[in-house]
Every structure is written in C-alpha cells, then in structure tokens.
Amino acid sequence: MNKDILICGVGGQGTVLASRIIAAAAMAEGSTVHSAETIGMAQRGGPVTSHVRIGDEAYSPLIPNKKADLIIGFEPSEVVRNINYLSRDGIAVVNTSPVKPVTESLLKSGYDGTEMVSYLKENVNCIFVDGNTECEKLGSVKFLNILLLGVAAGSGKLGIKKETILEEIKKRVKEKFVDANTKAFLTGYEIGDAKEKR
Amino acid sequence: MKEYVMGNAAIALGALKAGVNIACGYPGTPSSEIIETLSKYPHEGLHLEWSVNEKAALEVASAAAYSGARALVTMKQVGLNVASDPLMSLAYVGVEGGLVVVSADDPGPISSQTEQDTRRFADFARIPVFDPSSPEEAFEMIQDAFEYSEKYKTPVLFRPTTRIDHGYASIDAPDSYIPKSFEGFKKDAGRFVIFPRLSYKNHGLIEERNVKIGEDLSSYRFNTCEGSSFKKAVLASGVSYMYAKEFLKDHPDIRLIKVATAYPFPESFMLDKLKGVETIICLEELSPYLEEQLLKLAGKHALDIKVLGKISGHVPHMGELSTDIVKTILIKYLDLKEDITPEDDSLPKLPQRPPVLCAGCPHRASFYAVKKAMEGKKTYYCGDIGCYTLGNAMPLDMVDTCLCMGAGVTMAQGFSHIDDKGKAFAFIGDSTFFASGITGVVNAIINEADITVCILDNSTTAMTGHQPHPGTGRNMMGHVVNAVSIEKILEGIGLEKIVTIDPLDLKKAIDTIRECADIKGVKAIIFKSVCIALERSDKKCEVSDKCINCGKCIRETGCPALIQSENHVTIDRSLCSGCTLCAQVCPVNAIGGANE
Numbered sequence: 001m002n003k004d005i006l007i008c009g010v011g012g013q014g015t016v017l018a019s020r021i022i023a024a025a026a027m028a029e030g031s032t033v034h035s036a037e038t039i040g041m042a043q044r045g046g047p048v049t050s051h052v053r054i055g056d057e058a059y060s061p062l063i064p065n066k067k068a069d070l071i072i073g074f075e076p077s078e079v080v081r082n083i084n085y086l087s088r089d090g091i092a093v094v095n096t097s098p099v100k101p102v103t104e105s106l107l108k109s110g111y112d113g114t115e116m117v118s119y120l121k122e123n124v125n126c127i128f129v130d131g132n133t134e135c136e137k138l139g140s141v142k143f144l145n146i147l148l149l150g151v152a153a154g155s156g157k158l159g160i161k162k163e164t165i166l167e168e169i170k171k172r173v174k175e176k177f178v179d180a181n182t183k184a185f186l187t188g189y190e191i192g193d194a195k196e197k198r
Numbered sequence: 001m002k003e004y005v006m007g008n009a010a011i012a013l014g015a016l017k018a019g020v021n022i023a024c025g026y027p028g029t030p031s032s033e034i035i036e037t038l039s040k041y042p043h044e045g046l047h048l049e050w051s052v053n054e055k056a057a058l059e060v061a062s063a064a065a066y067s068g069a070r071a072l073v074t075m076k077q078v079g080l081n082v083a084s085d086p087l088m089s090l091a092y093v094g095v096e097g098g099l100v101v102v103s104a105d106d107p108g109p110i111s112s113q114t115e116q117d118t119r120r121f122a123d124f125a126r127i128p129v130f131d132p133s134s135p136e137e138a139f140e141m142i143q144d145a146f147e148y149s150e151k152y153k154t155p156v157l158f159r160p161t162t163r164i165d166h167g168y169a170s171i172d173a174p175d176s177y178i179p180k181s182f183e184g185f186k187k188d189a190g191r192f193v194i195f196p197r198l199s200y201k202n203h204g205l206i207e208e209r210n211v212k213i214g215e216d217l218s219s220y221r222f223n224t225c226e227g228s229s230f231k232k233a234v235l236a237s238g239v240s241y242m243y244a245k246e247f248l249k250d251h252p253d254i255r256l257i258k259v260a261t262a263y264p265f266p267e268s269f270m271l272d273k274l275k276g277v278e279t280i281i282c283l284e285e286l287s288p289y290l291e292e293q294l295l296k297l298a299g300k301h302a303l304d305i306k307v308l309g310k311i312s313g314h315v316p317h318m319g320e321l322s323t324d325i326v327k328t329i330l331i332k333y334l335d336l337k338e339d340i341t342p343e344d345d346s347l348p349k350l351p352q353r354p355p356v357l358c359a360g361c362p363h364r365a366s367f368y369a370v371k372k373a374m375e376g377k378k379t380y381y382c383g384d385i386g387c388y389t390l391g392n393a394m395p396l397d398m399v400d401t402c403l404c405m406g407a408g409v410t411m412a413q414g415f416s417h418i419d420d421k422g423k424a425f426a427f428i429g430d431s432t433f434f435a436s437g438i439t440g441v442v443n444a445i446i447n448e449a450d451i452t453v454c455i456l457d458n459s460t461t462a463m464t465g466h467q468p469h470p471g472t473g474r475n476m477m478g479h480v481v482n483a484v485s486i487e488k489i490l491e492g493i494g495l496e497k498i499v500t501i502d503p504l505d506l507k508k509a510i511d512t513i514r515e516c517a518d519i520k521g522v523k524a525i526i527f528k529s530v531c532i533a534l535e536r537s538d539k540k541c542e543v544s545d546k547c548i549n550c551g552k553c554i555r556e557t558g559c560p561a562l563i564q565s566e567n568h569v570t571i572d573r574s575l576c577s578g579c580t581l582c583a584q585v586c587p588v589n590a591i592g593g594a595n596e
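Residue numbers (my numbering), protein chains in the order written: chain A, 1 to 198; chain B, 1 to 596.
The following block holds chain A by itself, in its conformation from the complex (with noise of 0.2 Å):
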C-alpha cells in the first residue's frame, strides 16, 4: 500500500501525536513508513505540518504536490494554506474551529476561518467537524488530535485498521488518558464512517 497523508495545524494542537500514532500503526501493519515534521522556531503558535508517507516508493521526506491522499487539518486556514499537497481525489479531513493568530490583537486581520471553510466547501473534497463542539462533549480540547485521527480512520481513507490505531493509542497515551482518548477516537471514527456512507 502506498499512502500520503499531510497532518497540519498550530503548534500546541497535538498534530505530532497524531502523526506518530499512524505511523506506528501503519508500521504494525507491516508497512514501510517515512515522516518529516516541523521542529523549532515555527513550533510556537507557528504552522505545523506532519508529512506521513506509507510505502515502498516513497522517496522524498516530504509529500510531493497533489500527492497527498489525506489531509488531516487541525485548523480551517492551515488546511488551505497546505492545500496544494491534496490530489485530486483526495480528501480532507477540516476541523472547522478557528485558531486566531497569537498576533491577532496587534496586528487585526479578522481572521475568523468562515471564508477558509467556504472556500474548502466549494473546492475540495472534505469531511467538516466541529473541534470545539465535539471536544466541549469530550470534556477538553486535548481530545481533539485523536478525533480527527478517529474521523480519518472512519472514512476509510487512513487505509489502517481500526483496531491497530486503538492498540498504538493505548501504548502512546498515559494510561489514565487511554479510556478517554478511546472514546474521542470512537467518536470521531463514527462522524468519518457517517460522513463517508452518505
């Protein structure tokens, strides 16, 4: 199986956990695995991407453009701003809550996300959720890194066994944290299993 799959937001949401989680799966699934992930500077409220590619013919530490299978998007603008990764038959998994730029009472842009999730409405292929109220639900934004990794699972598209992903969680998570995450996890696999059935 060969499969890219771009994981991005802002630093602090837990893209990283998210990224290891599936390779680790992937590679419990015998598969070849090779990533590359924002380190530094840019980590501080700076844009994060995680470049996961499963297979053997994969060269390139990051995703070539429109190669992308999956888009695991943390935030409605980053989601655009890595949009060119997506193929065209790819699909975009968009959690549709804002994060405002650190900067953003200084510098005022309005930025509000609307017209980024338009925008993904009208061009691309995606699966919406709404982070902050499915996490509200969850107990805590901390959940929202295995959500949308359980929204990816479901639609099918992660193309690694539910199963597989649920034992890395449990070995990747604190053990008070398993049961919990498990749910987020479950919770986020039946929007992408619904989303995907329609």
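Any given hint might turn out to be false.
[Stated by the list, open to error] For each label pair, taking beta carbons as the anchor points, the in silico distance ranges come out as:
hint	chain 1	residue 1	chain 2	residue 2	range
1	B	Asp339	A	Glu122	21 to 29 Å
2	B	Glu566	A	Gly55	49 to 57 Å
3	B	Gly376	A	Ala180	54 to 62 Å
4	B	Met1	A	Gly55	21 to 29 Å
5	B	Ile519	A	Asp130	53 to 61 Å
6	B	Asp339	A	Asn125	20 to 28 Å
7	A	Asn125	B	Asp538	52 to 60 Å
8	B	Val481	A	Asp130	46 to 54 Å
9	A	Val178	B	Lys546	27 to 35 Å
10	A	Glu136	B	Gly376	46 to 54 Å
11	A	Gly55	B	Gly204	36 to 44 Å
[Claimed, not checked] Derived lysine-lysine pairs resembling BS3-like cross-links, with alpha carbons at most 30 Å apart:
hint	chain 1	residue 1	chain 2	residue 2
12	A	Lys3	B	Lys372
13	B	Lys2	A	Lys161
14	A	Lys67	B	Lys212
15	B	Lys539	A	Lys3
16	B	Lys249	A	Lys176
17	B	Lys349	A	Lys195
18	A	Lys108	B	Lys372
19	B	Lys349	A	Lys121
20	A	Lys66	B	Lys349
21	A	Lys176	B	Lys2
22	B	Lys540	A	Lys142
Read the hints as simulated data drawn from the structure, not as lab findings. Here a beta-carbon is modelled for each residue, glycine too, at the ideal position from N, C-alpha and C.
Here the structure of chain A is known, so what remains is to put chain B in place on it, guided by the hints.
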C-alpha cells in the same frame, strides 16, 4: 531491534554502534537531537557533554582521538565556523582514533543565519566529507565515517541537512553499546605539536593522501549510479537525490548518479559514469560544489560534456530544493511532455502566524523595562542568538543588530566608541554568554567601553530545546556540579556595576536600568527569571470590570495571551503564566490575579 527514529537519532545510534567513546557538542538546530539521543540510550562508559561552545567540543574530542578513542562532535553549520580554528590545524596533525565532526547544514535557511555549505569547508580543510541522503543512510554512513577516519588518520566531516536530521525512518538500532577499546595517548611531539615545519611536511602528505582517498571513495557503497539512458544524465547529492528519485521512479532509464562523498571527489567513479554522457545536470542544495567539481574534471580530462546547475542558471542558488522544484527542472531538462501542475493561486488570504516570544516570557519584560527606561534617549540595542532575537518584533522593537553568537557585546562596544552620545546595550542569553560572551566583556573593559550588558538569564538554552549549560549546575553525565556563577565571572572581570534583578518587577527594573545607564564604563544587569516553558506556572492573571478597553497592555507588551474583545480585554488562560507584566502596564489597575 527495528526502531522508528528521527534522522539525528539514527546518527546517534550509528555512532553508538561504532563504539564511540566520547561525544561533545553545542546545541544548534538542526543538530541538537544527536547528543540528546545518546543520553537516552544505554551508554555506560561513554563520555557525553554539552560543551561550552563548538571550539571547546572539538578540542576535547581531539585529545580523545589522539589517544586512539572514537570521538563524535556535533554542531550546526555556523558552529563549524566557531570550531574552524581547531579543525584547520587538526586537519594537518591528524588523529589516531576515528574523529567525526557532524556539521548539520540548513538549506532555506530554516533556522540559521547563513546558507553555508559544509562540503566546501571539507575542501577548505582538505578532509573527507560524508553527505547522507536519508536517515537510514545516515545510520550506516556515520559508521563508515569512523572507519575512514581511522583508516586515513584524519578528522572527517559528516554533513546531514535539515530534512535528513528531522526526517523519520526505521533503522536496526543496536541492542547494546560496546565502547571501542583503545591504547591511550602515546607521547610524540613530532606528531602532535603543530609547528611550521610539521605543517609544511603534512601539507604535502595530505594532498597525496587525498588522491588515494578519492580513489578509495570511487568504490564507496553510497556513491551510486542507476539508469541506462546516459546521453542526458542527472547528478545529485543528499536529499536532492531523493527529490530526483521521486520523479525519476517513473523514468527509471534516465541515468541518475549520486555522490555521497563530495570531497575528496571520487574522480575515477565519475569518469566511468560519465562515459557517453553529453549533458549532465547537478541537483544540489547550498553551493554548486559538485557542479564545480564536474567543470574541473571536464577541463582536466578535456571531456566534451555540458555541465548544468546553479552556475549555468538551471537550478536556484538560494533556498531548499523540493520534489516539485526538481520535477520542474527535470521536465524542462529532459524535454518531457508532462504537465507542470500550477499552484492554485485563487486561495483566500491566509492569516500570518509569525513566531513571537511566548506569553509570560521573561525576555518580554526585560526588553520592555529597558525600552521604558531609555524612552526619548539615543540608544543602540545589540541583540544576539537565541529566543530573545524575537525581541525585534513589534511592539517591542528592541533589537537593532544581530550578527552571530556573542556579537551583541562587542558590537555594543563598537557603537560606544564611535558615538559617545548614544547609550549602547547588549542583550545576551545565559547560554550564549558562556559560549562566547565572556571574552567580549573582557574586551570592553580593557578598551574602556561605555556599555550596559543585559544578561537575560532564564536558566536554560531555551531556543534549541532546553539543554543544560554551565550555569545550570548539571551536566550530560547526569551529575550535579558547581553551577558557574555569571555574577562572579563579571566580578572577576571588574565591571563598574553588576546588579541582578527580577525583570517581572517592572518599576524596580526600570529604576535600575536608568541608574546603570548613567554610570560610565561597563555595567551588567542580570535579568534573572526562569523560562516559562521550563517551569510551567499555574498562576493566571485576571481582568476585572475596571478595564476601560484602552488596549494599552496589548499595544505595549504584545503578549499573545491578551485578547481585545468588544467591551474589555480578556486573557487566554491556556497561555497566561501570571507574569503580571500586563497588570503593571495597565493605567487603571484593571488586571490582577496571578493567582493559582
């Protein structure tokens, strides 16, 4: 055991597999995780240190290598400039045990001052360089680098680039660490004491030897050649090879040559692979090193071959390459009928997310205090390398110059000599002070400068991921040691005035700064407050209904935790660390709290 690791970890694990006896380095993106990885795996018997700077690291390692031990030194490319004094001489003297200097290059540059190329440094120093194209290759190649270093008794450079350092792949990690056994230092002044006569003699021997190494490397396993259609060939190195491969996997007949050892250039390998080639394009980041080698080779052997690359204008000089840049270049070069997919330029305007000092960062308070204290006065604000370079951003706007590690102190001195009306300030972090700030302060004293040195002491090396430094009192061997006191160093140098203050006490800080600025001579203010990313605070500030929504707190401090709503300012509790700078700036005392 198969492990999924970062390229830097692969380099560290390769060094452990090679039985490295000593590893020294100075933190710098993208190289920092090598030393950190060594500390996380079994390494009983390995001496591990974050040295005070790159020069110290290389000198410590050199003594070990003279003794027959295997030594690893790590740094980023600009660190190699600092280590170049020992490196240039060490190249003449040579080593007994393998010595590998990892110098991580940063095309882009993504987080560096320069786009310099370590391969050129290898040529300049006349020592071999290894250039891995993937994390997996880096793991193997670092072991080869130790072998070649020992075989030819020369220090060797190893230069990954950011995409290799920070890429992830699975490698066969060693299960245990067995340090190399070595005989120890054998006194031999004729070999280890560098004198003009020795340098003259060794210079000749080195040039002869390098011809042999070039021959040896001509059959090196990572110098490779693929594809049978050779009239138009492609030469690539490092990650550029992977970018080329990504495109050429659909054109497997095209000749693709990879040179992993740029210096000494593997001449006979290249001559062999160039047979029948009419045109060749060089895909490489940073400098056109391989392109120049090919041009030399073509001249030397009167080859009828056209060499394309950066010099010919076919490949950009600046920045990183990518699969898409390489694809575009190759489609044109190979006259292929493929579409170059244009970027979608109809995207809505994206919000900018520039890097800023964290909410609650004590550097913000330090800069703000100096700004307030010096309001209306002519000033020179000389910055340095670290998180605090971000003090340049609005609204603080407190960095007038930034050149290289330690330059803030000496440049402030320079301004004080050419303008006695302005007040010159140097801003330098604690780790940078130890690395290269101390000599500058000594220089300022004996040359009668009039400067105020602001040491931003947050008890860590924050920018590169919180490494310990001489002031933190713990080292990479896990030992608690005497913390070196910045105050006592400055006392020893004999400054006019040395004060330590809490930058979060704004009024007192401003008074102290004014007092120091008025005294002639060299003064130091140590702004002491721990990095908020190191010690998370549960304190939060709160805005009361006294807030008149004037926005002064936001305009003056630029703290990202402050949000202006319709009727009042609010504080993002997930970002606030209760530093209270905003409370001290508020004209109507509307911000209080700092409660847990």
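Now for the hints, and whether the structure bears them out:
1. Asp339(B) with Glu122(A): 21 to 29 Å: holds (23 Å)
2. Glu566(B) with Gly55(A): 49 to 57 Å: Since Glu566(B) and Gly55(A) have Cβ atoms about 51 Å apart, the given range 49 to 57 Å holds.
3. Gly376(B) with Ala180(A): 54 to 62 Å: Holds, at about 56 Å.
4. Met1(B) with Gly55(A): 21 to 29 Å: Since the Cβ atoms of Met1(B) and Gly55(A) sit about 22 Å apart, the hinted range of 21 to 29 Å holds.
5. Ile519(B) with Asp130(A): 53 to 61 Å: Given range 53 to 61 Å: holds, Cβ gap about 60 Å.
6. Asp339(B) with Asn125(A): 20 to 28 Å: Holds - the Cβ-Cβ distance for Asp339(B) and Asn125(A), about 21 Å, lies within 20 to 28 Å.
7. Asn125(A) with Asp538(B): 52 to 60 Å: Check failed, 44 Å falls outside 52 to 60 Å.
8. Val481(B) with Asp130(A): 46 to 54 Å: holds (53 Å)
9. Val178(A) with Lys546(B): 27 to 35 Å: Roughly 45 Å apart at Cβ, these two residues miss the hinted range, so it is violated.
10. Glu136(A) with Gly376(B): 46 to 54 Å: holds (50 Å)
11. Gly55(A) with Gly204(B): 36 to 44 Å: Because 52 Å falls outside the window, the suggested range is violated.
12. Lys3(A) with Lys372(B): violated (55 Å)
13. Lys2(B) with Lys161(A): Within the cut-off at roughly 22 Å; holds.
14. Lys67(A) with Lys212(B): Violated. Lys67(A) to Lys212(B) sits at ~45 Å, over the 30 Å cutoff.
15. Lys539(B) with Lys3(A): Since the Cα atoms of Lys539(B) and Lys3(A) sit roughly 45 Å apart, the hinted pair is violated (cutoff 30 Å).
16. Lys249(B) with Lys176(A): Violated: Lys249(B) and Lys176(A) sit about 46 Å apart, past 30 Å.
17. Lys349(B) with Lys195(A): It holds: about 29 Å lies between the C-alpha atoms, which stays within 30 Å.
18. Lys108(A) with Lys372(B): holds (25 Å)
19. Lys349(B) with Lys121(A): holds (16 Å)
20. Lys66(A) with Lys349(B): holds (20 Å)
21. Lys176(A) with Lys2(B): holds (28 Å)
22. Lys540(B) with Lys142(A): Answer holds: Lys540(B) to Lys142(A) is near 19 Å, not above 30 Å.
Hint violations for this structure: numbers 7, 9, 11, 12, 14, 15, 16, all remaining hints satisfied.
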